[in-house]
Amino acid sequence: MRKSEGRTTEGELLFSAIVLGLLAFALVWAAVQPREPLAWLYPLAVSLALWLAHIVLGRLELCADELILPLIAVPLLLSIAVLYHLDRRSAFWQVIWAILGLGSALAVVAFLPSVASLRRWWPLFLVLGLALLATTLFFGVEVYGARSWLVVGPVRFQPSEPAKVLFSLALAGYLAGRKELLMVRGWRVGILTLPHPAYFGPLVLVLLLALALMVGQRDLGTALLIFGLFACELYVAAPRLDYLFLGLVALAGGGFVGYRFFDHVRARIDVWLNPWAQAGGSGYQLVQSILAVSAGGILGAGFGQGQAQLIPAVTTDLTFAAWAEETGLAGSLALVALYLILTERGFRAALAANDDFSALVGVGLTSLFALQSLVILGGALRLIPLTGLTLPLFNYGGSSLVSTLISFGFLLLLSAEGPAA
Amino acid sequence: MKKNTHYLFRAFVVGFSIVMLMLTNLTVFQREKLMSTPANSRRLAGWDNQSLRGGIYARGGEVVAETKVIGGPRRYSMGWAWGPIVGYLDRRLGATGLEASYAAELSGRPLLWSALGFNLPLTARGEDLVLTVDAGLQEKAMRLLAGKKGAAVVLDPRTGAVLALASQPSFDPATVSRDWEEISRDEAAPLLNRATQGLYPPGSTFKLVTAAAALSRNPDVLTRRYFCPGELKLTGYTVHCLRAHGTLDLARALAVSCNVTFARLGLEIGNGALAAQAEQAGFNAGLPFDLPVAVSSFPRGRPGKGETAQRAIGQGEVLATPLELALLAAGIANGGVIMRPYLVQERRLGAWTVGKTVPERLEVAMSPGVAKTLTELMVEVTEHGTGQAAQLPGMKVAGKTGTAENPHGKPHAWYVGFAPAGAPRVAVAVVVENGGSGGTVAAPIARELFETALEVVR
Ligand SMILES: [Zn+2]
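Chains B and Z, in that order, give the protein sequences.
Going by our numbering, the letters in the first sequence line up with residues 1 to 421, in that order.
Going by our numbering, the letters in the second sequence line up with residues 1 to 458, in that order.
Keep in mind the hints are simulated off the structure, nothing from the lab.
In silico BS3-like cross-links for lysine-lysine, where the CA-CA straight-line distance does not exceed 25 Å: (1) K148(Z) to K410(Z); (2) K372(Z) to K396(Z); (3) K179(B) to K3(Z); (4) K305(Z) to K233(Z); (5) K179(B) to K2(Z); (6) K233(Z) to K410(Z).
Looking at chain B on its own, in the form it has when it is part of the complex (with noise of 0.2 Å):
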């Protein structure tokens, strides 16, 4: 298992992401006044952590996928670069964030024998996860209409962003166990099997609760990401093509009783058929997302030439619009096909595990990384509603950022278990 080579592929590509960093935090220093050398420590503080974690894997001896962290470092430290642009609060946050992310992260890699071992505690996972959730209905604060934060002191702290990680793993625990039981008939309506009450029940159950809090709280978003972390876990667990068609009738029932019933979801999908009717209104975040987007044509306005402060929550939802214009389609293309190859990863990782929940654990957390992305980068460009989600590893938001990295954590443990590649 081990690699003699030390690590150098991953020390490489490291190395070309802290250039291409710095770099790019060196034109948006020079281009916003008034300069303070001091920012500096910011992308260097993160380069450091990240080179720290390069050293430690390496000591550890694993033979963990070399890619991973080169390539989580590329957004880690553009985002910073970004955000220094757009709000350099932020920025400051962003950078004790990915410390303090990358710093769990190794805690995983490094303290956990492997992800096998947390099989047994599923269902604490589950109470955890239903518990933060839960914790946000009685001291939750309403930010950007949805009322999903928990406030510490000078912290926001956003629990769905946790919750998720141990809903995949909660998740892959309940399944790995039923997953011949979950492909056992139950009652038949038409041409449709549905699955035996009993083992889908609880599932079910659970999930509905989930979504109740989400919708309860207004955050649309999480309530699409958990749904969809839960098709793509039970499609990979009990591959059972009918169950892909109910899971699609759910979401389009849920989305018809939302926009039926609820206000909140119903503004949003009318902005989203046609912000231009409430450019100054409703529509504006939408319609300024989509002009900055298109206003960077192929290769961008440049580093801190943008214009993104027209944006509104544009640190926390739409970093990816600001990105768009001063990169243009360049670097937009070359953004998202990083979260591809990110992807490909983790899916990599998830093929190599050696038992049916290990496995589980690696889709479940790449489809969650994969989904919030596609979920956020669709909605700035209005392919699907706008919902207040965040980019992984690019947007402010510190719970987002901490949860991204240790889920990452458990993905590169994963992708050290498998058989040598």
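Since the structure of chain B is already known, use the hints to place chain Z with the ligand on it.
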């Protein structure tokens, strides 16, 4: 389980690919459309922080708009007379007029450059625009319309160069930000450019189109005799003349603006022929111009007799902009060929000329023979008919008045024409909203414009 993981990954590949296609669509294919939408005005106005915005100069080199330092304020030295042409530029309000339609050039981003996605200016300074508009004539046109609601367009029929484009009431680009509250509330709509965006029934000026259609299809209409009993009863509509004109020929019918005769001619050739002639002269189609232009319209379809007769005399659902009717006059003046109208003569970068407008054909509105006949008829209007107030000493003027009925009070006063009739150098269209009679209200304004404009273009 492995197989399904592969399938799931493929689904994500499809998802990310769709995102990539949409990105390409927005940045490459929809860019031009999105960058010119009104919702984008803030982004557009802010484009000027990186280069020195180019100036705008009148035909004789007079400064219309200028920026002295990068990111500095825009100065409009003769602002009050130039609102309809240059529009305004304001960080908060956005941009209109030439400031908006030439945003790329003024800020130093030539079209090709910015279409490639290069948003940074190519040069540290934008291009200067030299206009075809004469400062003296523009001020005179604005002054002649002051206190009224109306518009005037003066152009050179040989090239399409616009010599003046006036619309009143208007605004001063220099103070638009300060006066915004008042301007945006004003019911007289000072921000509306009536010359290019105002749609009015053309009234009797449209008889030129009817006459052109009839002459092209049936040249003997010129030598025929007509009889006007003072009114023509049709199903659903009765055409009236001010008095019974009796027996008359086509020249006389145009000179006294006999509604009955032109209604009959219209019925004879039919709605289709009228629409075809109107479309040849630029109706029912977007007009390529340096400012946004409303589409002048003549309805197609198979209307009843009353409607066709109404349309033949420029009433009913026929609507035209002053610019369109100026082009109609210019087309007749130029042997039937309408030249594409333009405001910007030249684009300069420092001492270099980077772009020069070459006059080009827009439409062939009618044959040279029909244009020549119409010119002779229009001279009759000035010499012995309703357009006598536009007479010039020692020069033949071709014109046509219009008094367009409308649901908003007194009729709109129209005059379209050109001079000198033998070798036309100037074509005009004047409209005064609810001004009354075209011959007494619009024609004298046109005469003043002819006088000054003929000094400008030799
Ligand atoms: Zn008559």
